[in-house]
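Chemist: Residues per chain are reported as follows:
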Amino acid sequence: MEREHYIVVEARNVTKQYSSVSESMALKEVTLKIRSGEFIILFGPSGCGKSTLLNIIYGLERPTKGEVYLREKKLFEMSERELDEVHRYKIGYVFQQFSFLRNLNVLDNVCLPKMFIGEPFNSRRKRAMQLLEELHLDQFSRRYPQELSGGQQQRVALARSQINNPRIMFFDEPTGNLDKKTGLHVMNMIRKMNRHSKKTVVMVTHDPSYLDYAHRVIYMQDGQIIKEKNNHRLMFLTAPKESK
Amino acid sequence: MIAGLIDYLFLVIKQFSARKMRTFLTMLAIGVGVGSMFLLVSFVLGLQDLVLHRIAPVETLSTADISPGNLSYINDSSFEQVAKMPLVNAAVPIIYLSGQASDDGGKAFADISVNATTPDYIKYDGIAVKEGRNFQQGQGECLITRAAIQLFSEPEMLGKYLNIRELIPANSNIANTSIPRVDGEVKVVGVLDNDEVPAVYIDIEKVKNVAPELNLSGIKISISDVSQINNLKEDIGEIGFEADAVYDMVEETSKLFNYIQAGFSLLGVIGLFVATIGMFNTMTISLLERTRDIGYMRAFGVSKQSVRSIFLTESALIGMGGGFLGIVIGLIVSIIINSSFRFLALKVGSEGFDLFIFKWWIILATLIFSILIGLITGIYPAKRASKISPLESIRYE
Ligand SMILES: Nc1ncnc2c1ncn2[C@@H]1O[C@H](COP(=O)(O)OP(=O)(O)O)[C@@H](O)[C@H]1O
Ligand SMILES: [Mg+2]
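So the protein lines, in turn, are chains A and B.
Each residue of the first sequence is one higher than the one before, counting from -6 in my numbering.
Each residue of the second sequence is one higher than the one before, counting from 4 in my numbering.
To be clear, the hints were calculated from the coordinates, so they are not data collected in a lab.
Heads up, some of the hints might be wrong.
As the list claims (entries may be wrong) - Under the rule of at most 20 Å between Cα atoms (straight-line distance), these lysine to aspartate or glutamate pairs were calculated in the EDC-like manner:
#1 B:Lys307 <-> A:Glu126
#2 B:Lys133 <-> B:Glu157
#3 B:Lys386 <-> A:Asp77
#4 B:Lys307 <-> A:Glu112
#5 B:Lys390 <-> A:Glu73
Make a model of the complete structure from these sequences and hints.
Modeler: This is how it looks when you write it as structure tokens:
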């Protein structure tokens, strides 16, 4: 039971200052612990530092001060190779914006995290096709991502993030460019991923509509965490046992 | 690198098909550079072939002429010594004499060079027997040059008898003994392709029979391994003789051609350099266009090495495509020139030859060379690509 909920990602006193000239900091002494199986929403107004925080705990951006741990390992002491493996296998990231290779069709874009590692074409395409079927996108597999609608693109990005079946998922404004109905659909998929596949989810949003999807909401403002709210209705501690 | 190779190729081919025209034009530029170099090299080879093989026939390449040094004589025992040297395949003695000859009618005696030797001499010297055949030993036969025919009244000398008399040694080195009168008849069995020197070639036995003590004017040898020619020359020098090898001349000429080839290649390199700049430009544009793509790849765990390999694969493929185009261009141009040249030669009634000569190694070398050019051109863009940060894609939209 205890092992189920140990801390998978931890930010300790993370500070980020983009330019040494300006006084303003994108993040100030942020400390955050994310437990295995949790659904966390980072919530706050635009420009408060949510994306910066997500990119730092993903290892793309270095903090000016502070440490990030992935399980027990310091993220920024990893070798390049280890960090690449984190991005390939351990954390799935669905970016806010269009993030596809325009020369590749949907199927091959979904395969991207399995490319260049010697994995045979057919086996990875089979797996990608499965994921696309699950998301009802199989009829678009030969199309190019730029030809799809925003909601479809978001689902393709979701499929791509799943291809190596990572245990941790990051979403940056997954509903940002979508209408209400499509947004809801995407949110339900994320919830399903958390409940049924027991994935740890960290989601960034400035939209208050979906806050009750999370076990825990982290409120941010001006680069700081100002408040944390547990959603008791969802009973995180028992949730992973409930399903399946 | 190897594990991902098929993916690099896959990605690069996708990139090419998204940018067909640009890819083709870049390859074409490389192709023109490579093709002109290809042409220059095969042109030089053509010239070299013309000079070396038409002017010096192959059989003579491995022969040398030994002549007595300043104060020495080639007698029979030194002939044996030379013939037994390890690199010497065959040794043919020759005695240069001069005398007078007349044809059947016996009207006038003409001064003529008389070379007393064995039938092998003709083979190793590379003079062609134009009519008739080579002479045989002990048969009283001889060969005459075309130039000699003009001395006689009849234009057709084959099968006729020549009367030869008053032979004297042509140079002092062999005059250790006086020659008794060698009057006699020899039958003309072949005409040699030589319009300059009026000469007859007779059986050396005929001279040796009457003057066994006569020294040799020279020895023609055939060498088993020409690359060791200098060792052989030293050995021959030690016994006081000198050796002149056809190979030396050829080697000198070859060296000259190597220089010409190098010079021409340099011109080709300049053309290629220009093409390479074009390719570099294309690679840089391609890099800028794909900054976001690369950023995303990196964000999903594609390693720096893989990004570098993608670009190197791309540039190597452009180089290879350029190489193929260059070979095709080179082949087409040289085939056109070769055949029109042959056609023209035929029209003026002369024997044609190829201006451009192809060798498999040129084609192979051209291909390898252009792939290398591609790879080298790709190094810098590949390095820059591998340094692109994922944030560049994600941050600024
Ligand atoms: N690369 C950057 N260089 C300079 N400032 C940046 C950069 N990225 C983000 N910022 C600044 O940091 C702050 C936080 O940005 P961000 O994390 O994107 O906010 P959010 O995702 O909450 O909207 C903003 O003021 C933004 O302008
Ligand atoms: Mg943001």
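Chemist: Straight-line Cα separation of Lys307 (chain B) and Glu112 (chain A) no greater than 20 Å?
Modeler: holds (18 Å)
Chemist: Keeping to a limit of 20 Å between CA atoms, is the pair of Lys390 (chain B) and Glu73 (chain A) held or broken?
Modeler: Within the cut-off at roughly 12 Å; holds.
Chemist: Going straight from one Cα to the other, do Lys386 (chain B) and Asp77 (chain A) come out at no more than 20 Å?
Modeler: holds (18 Å)
Chemist: Would the hint linking Lys133 (chain B) and Glu157 (chain B) be met if the CA-CA limit is 20 Å?
Modeler: holds (17 Å)
Chemist: Lys307 (chain B) and Glu126 (chain A): Cα distance at most 20 Å?
Modeler: violated (32 Å)
Comparing the model with each numbered hint stated earlier shows that hint 1 is the single one that does not hold.
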